[in-house]
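Asks: Residue strings, one per chain:
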Amino acid sequence: MNFQPSILFSILLSIAAPFIGMLILGFDRKITARMQNRVGPPILQPFYDVVKLFGKSELMVKKAQILFALMFVGTLLLSTVLLCFGGDLLVIFFLISTGMIFYTLGAYSVKSGFSFIGGNRELYQMLAYEPIFMLTVFSVGLITKSFRVDQIFGLEVPLVAIIPLPLVSMMIVFLIKMQKSPFDISTAHTEIISGPMIEYSGGYLALLKIAHWYEIFLVIGIMSLFFVVPGNPVLTVVSMAAAGLAIYFVSIIIDNVTARVHWNTMLRLSAAIGITLIVVNVAIVYIVAYIAGGA
Amino acid sequence: MDGESAKITAIALTTLAPLLAGLLCYIAPGRKSRNVLISAGIVSAMAGSVLLFLLLRGSPGHTIRIELGSVAIPGLGAISANEIITIAEITLAAAFIYLAARIKAFYALALSIAQLGAMIWYEFSYAPAHGSEHAVRILIDYWSGTMCLIVSIIGSLIVIYAVKYMEGQHSQNRFFAYFVGFLGAMNAAVFCDSLAAFLLFWEITTLASYMLIKHEQNTESLQNAKRAFQLNVIGGAGISAAIIVLGIACNISSLGEIAALEGAIAPALMLGVILLCFGAIVKSAQVPFQSWLLGAMVAPTPVSALLHSSTMVKLGIYLIIRLSPAFSHFPAVGYMLALIGGFSFVSTAIIAISQNNAKKVLAYSTIGNLGLIIMLAGIHTSLAISAAIILTIFHAISKALLFMGVGVVQHEMHTRDIEDTEGMIAKRPLIATIILMGIVTMIIPPFGVFVGKYMAIQASVAAPWMMILLAVGSAATVVYYVKWFGRLISTDREMERKPEHMSTLFSTPLAALLAGAIGLSFVIVQVVAWFVDPAVASMGYDVVLQAISVEVVTPSGYISSIAIGASMAAVLLAGLMIKLDDSKKTRPYSCGIEFPGELGGMYMHGYAGEDKVNKYVNFAGIALIMIFVAIGIIAMAVGKVM
Amino acid sequence: MGIVEKSRLKSPWILHYDCSSCNGCDIEILACLTPYYDIERFGILSKGNPKHSDVLLVTGGVNHRNKTVLKNLYDQMPAPKVVIAIGACGSTGGIFHNCYNILGGADKIVPVDVYVPGCPPRPEAIIDGVVKALDKLKHLQNGTWKEPETGPIVVETAVGAKPAPAAKYANAAPAPTLNSQPTNKEA
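Line order of the protein sequences matches chains A, B and C.
Residues 1 to 295 in my numbering are what the first sequence spells out, letter by letter.
Residues 1 to 642 in my numbering are what the second sequence spells out, letter by letter.
Residues 1 to 187 in my numbering are what the third sequence spells out, letter by letter.
Hints in this document: simulated from the structure, not taken from any laboratory.
Remember, it's a predicted structure, so these values are computed and weren't measured experimentally.
Just to be clear, a hint being listed does not mean it is correct.
Each computed EDC-like pair below joins lysine to aspartate or glutamate, with the alpha-carbon atoms no more than 20 Å apart [what the hints assert, rightly or not]:
#, chain 1, residue 1, chain 2, residue 2
1, C, LYS71, C, ASP18
2, B, LYS584, B, GLU598
3, C, LYS10, C, ASP38
4, C, LYS71, B, ASP582
5, A, LYS30, C, ASP26
6, A, LYS145, B, ASP542
7, C, LYS10, C, ASP75
8, C, LYS47, C, ASP18
9, A, LYS180, A, ASP255
10, B, LYS360, B, ASP611
11, C, LYS47, A, GLU191
12, B, LYS584, C, ASP75
13, B, LYS585, C, ASP75
14, A, LYS30, A, ASP255
15, A, LYS63, B, GLU496
16, A, LYS63, B, ASP542
17, A, LYS63, C, ASP75
18, C, LYS71, B, GLU594
19, A, LYS63, B, GLU494
Quick list of the computed label-pair ranges, beta carbon to beta carbon [what the hints assert, rightly or not]:
#, chain 1, residue 1, chain 2, residue 2, range
20, A, ARG268, B, ALA570, 36 to 44 Å
21, B, ALA47, A, ARG268, 54 to 62 Å
22, A, GLY154, B, CYS591, 51 to 59 Å
23, B, HIS414, C, THR34, 51 to 59 Å
24, B, GLY600, C, ALA79, 51 to 59 Å
25, B, SER583, A, ASN264, 54 to 62 Å
26, B, MET413, C, ASP75, 32 to 40 Å
27, B, ALA511, A, MET35, 54 to 62 Å
28, B, SER583, A, GLN36, 58 to 66 Å
29, C, ASP75, B, GLY600, 23 to 31 Å
30, B, SER328, A, ASN264, 53 to 61 Å
31, B, PRO60, A, ARG268, 29 to 37 Å
32, B, CYS591, A, VAL261, 46 to 54 Å
Coverage of chain B stretches by chain A, computed from C-beta distances (three or more under 8 Å per stretch; other residues unrestricted) [claimed, not checked]:
#, region
33, 222-232
34, 439-445
In this text, a Cβ means the ideal position worked out from N, Cα and C, and glycines have one as well.
Generate the whole structure from the sequences, applying the supplied hints.
Replies: Below, the structure written as structure tokens:
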């Protein structure tokens, strides 16, 4: 049976997407606080933050910032809609990375020291995670013989059974995207304040926050695609949600037990672990297929 | 005018007219007459290329084949076209020897002499004895037609730009002679099916590029021109060797025969193809031959624009894509090409991060993109070739735009340093915007280069290990372009609107290219239907790229440039409508004081610096090239294609 | 109370500026962030960036060097915003009040909404000050800054001793410009 999400489901999912990202962030702050023996803010804290920011007046340096912020949200929104409607995974990936380009340009557009360093670090991060992300998407395409998301639902076994290692590599991407230790390099709060976001305020800062919600939804969404159980919609939803939660819990633990690393280390880690794991996994798949084909 | 003569006219307009206009430029008495000649040359090239493409659509089988037999010359009787080509080739080789001796380029001298001897022996002693045919064959299919359009239109726009750029500089006659002639030679090369004629025009582009690079006549440009000359002579020698090997061992004298071969393949053919590809790799400045193209930066910017975007380096691409159907007989060749191209792509992308010279960044970007195209040609699936053609078209447009933009900056602000152009959007919004748009069309969806890259990734499913190179390379590409973009827009206050003067001769070609880069990206469905699919089909591939309403559909995915572009444009327009009044403006945050320092950097010299990386890159490049050629020789030795 | 107002009370982001404090107050502010006091449970985050912040905490007396900095930081905060002067020096200049280089408390430069006296004030007092400042935010509507009618609030210290009223609320006084002359010759 080929599970096709209905159009209504897709629409609902794309509307719910930012709120899912928001809840993930809210739980994140709560769980982190509990791990540190604190009470922590309410679950809806990210929501309050954004509503408050929309209620504030803006102080911007120039209009270009607004354009880049809007383009950032716009591309991620487009990408989310494509993901929810089972579009082309490569296009989804490229739209995310385009969004990040706009985000970086928004940082660069103001001649400000912290913003500039934030932009630079954003680029280092892109250098670190884009190859991993791209190779993961590519290995999914290699296994499904197609880059369409809906084709993943037509596989015989879940992707994670064939290519589990890219998922491990994707943790690096996820940590970077969540702005979490050890890779919270660009927004390094205590070091360069908020990096790329520093020159934004009020509603436009809220836009960046919302874009961040989308981002989290997208990365978790793509990672949980590995857990699609073909032919069983109920189990698929359960396993995808469980996988998303598990990934996310692991990321919180990593966040709490590590300190921020230098971008040098990040690049080396991503090349040494991220890319290698994917390559090893794809090689294994090929060798197994070769042996099976030869036998 | 019947069909046949119309075709001959169109060919003559695109090839002979620019060559002739170029020759006449040499002896033009003044500026006005030279400008008239230049205009005549480029107008006929543009008109001819469009006419030719239209004729191509109407021709049977969508190909134009012409055999030039003999030409009757009054007083001399009939001379076969082949003899004319041979004589021209020998003259050119003699000129090369003279040049090489004069600039003390001893490798080139030795190679040229050997090449001349070999060609004379082959053409006058071997070929007549073995009854080789004498006709010069011209074969124009959609791929040649598309190349001709790229060369003629983009090249002509660069010529218009050059007229203004070179105003008031020395020896303009000679400059424009080679500049305009270049277009003719380039067009002629892509039309030639016969290898001997192809070699002639190939060598003419080498000569012309040498002359253009050394235009400034200072120590640096002479030195770099010499390097370009030496390396390109090596490439030319590769082609000559290929002609002799193919002629003797396989009795093949044209490109079309190689691509169309079927059945049992002689190992010599493999060696011949490898030698041809070797020549193309040199021409396209792939690692380890990248130094000539980087050195060519000393030339005036229009020269760089011409060499990088539409001509010269694209000739190597043209040749490899033309030969690509043959790779299915010997997979090792395709694989090695893909490796060489992919390696060039990733290494130049990384080195480009460390560059602060705008022209050098562009040069590395060119080499990288050509590497990507060569990699795709090496993969030689239908999708890969489609992607390669899309990249060729859009890369030519965007790169010409970028070079010309940087040229205007150099011409008026006298700097090539990216750090010097910080905040240029406030000082020179017009030209800054043009460079910014050039960068955007290189990296951001839904523009053409992006679509090409998107398809390249899908195509590399056929050769998955290439994907590692592709992934790292494209991430690095994004980094250096975004970094540059960021420098240009970095200001601490809103820009002031002030009138900005730019010469029409600058603004017209720039506007045309900008419109082309954006417009063609939006109608990419039509580009696929008119240029890419027919070109792929004309080389004998199955067409796998479908253009369905607003989507380009590949076998494993789909992309709708129009939908993405329209949504992004809508957001952009909405953003432009937002007003930001002065009460909502503030200064950048810098701990409560005015930002005191200067921004800059992020060149990652520790990872990407030329001095750190070059030795490894060159070593690996040389090793790859040696393995590549060795494969051919081994194939000959063991008598088996691989 | 609309959702925006409610959110405003639930997520005050703090900018902490040390004018010329002896760092006693600053250590107490940092103590608020520790798990023991955990101000994040009120949604309070220390942002370190005026453009993101709602609440400005000022410690130490204002001197001629940092008055422009304080003014700039205040100006770069988007409305609605509140200012809290922490400690004796932040409120009045403290024991440095007649020092040759000290202008006085933060209220000489920016309109202070809440004074938290003490040398240094206890973290509970600081948290109390922030919570009291949030009361002021209730008066603000739709993001426009409405002048508080209540005047400045003085937080009672933990020991219960009510300090003397702080220096006169300086809201009406024009903020010094970059060109204003220092009162002493050395500066």
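Asks: Does each hint fit the structure? Answer for all of them.
Replies: Quick rundown of the hints versus the structure:
no. : hint                             : verdict
1   : C:LYS71 to C:ASP18               : holds, 13 Å
2   : B:LYS584 to B:GLU598             : violated, 25 Å
3   : C:LYS10 to C:ASP38               : holds, 14 Å
4   : C:LYS71 to B:ASP582              : holds, 19 Å
5   : A:LYS30 to C:ASP26               : violated, 26 Å
6   : A:LYS145 to B:ASP542             : holds, 19 Å
7   : C:LYS10 to C:ASP75               : violated, 23 Å
8   : C:LYS47 to C:ASP18               : holds, 14 Å
9   : A:LYS180 to A:ASP255             : holds, 6 Å
10  : B:LYS360 to B:ASP611             : holds, 15 Å
11  : C:LYS47 to A:GLU191              : holds, 11 Å
12  : B:LYS584 to C:ASP75              : holds, 11 Å
13  : B:LYS585 to C:ASP75              : holds, 10 Å
14  : A:LYS30 to A:ASP255              : holds, 13 Å
15  : A:LYS63 to B:GLU496              : holds, 12 Å
16  : A:LYS63 to B:ASP542              : violated, 49 Å
17  : A:LYS63 to C:ASP75               : holds, 19 Å
18  : C:LYS71 to B:GLU594              : holds, 13 Å
19  : A:LYS63 to B:GLU494              : holds, 7 Å
20  : A:ARG268 to B:ALA570: 36 to 44 Å : holds, 41 Å
21  : B:ALA47 to A:ARG268: 54 to 62 Å  : holds, 57 Å
22  : A:GLY154 to B:CYS591: 51 to 59 Å : holds, 56 Å
23  : B:HIS414 to C:THR34: 51 to 59 Å  : holds, 57 Å
24  : B:GLY600 to C:ALA79: 51 to 59 Å  : violated, 35 Å
25  : B:SER583 to A:ASN264: 54 to 62 Å : violated, 44 Å
26  : B:MET413 to C:ASP75: 32 to 40 Å  : holds, 35 Å
27  : B:ALA511 to A:MET35: 54 to 62 Å  : holds, 59 Å
28  : B:SER583 to A:GLN36: 58 to 66 Å  : violated, 41 Å
29  : C:ASP75 to B:GLY600: 23 to 31 Å  : holds, 28 Å
30  : B:SER328 to A:ASN264: 53 to 61 Å : violated, 44 Å
31  : B:PRO60 to A:ARG268: 29 to 37 Å  : violated, 60 Å
32  : B:CYS591 to A:VAL261: 46 to 54 Å : violated, 26 Å
33  : 222-232                          : violated (count 0)
34  : 439-445                          : holds (count 3)
Violation of the numbered hints given earlier is confined to hints 2, 5, 7, 16, 24, 25, 28, 30, 31, 32, 33; the remaining hints are satisfied by the structure.
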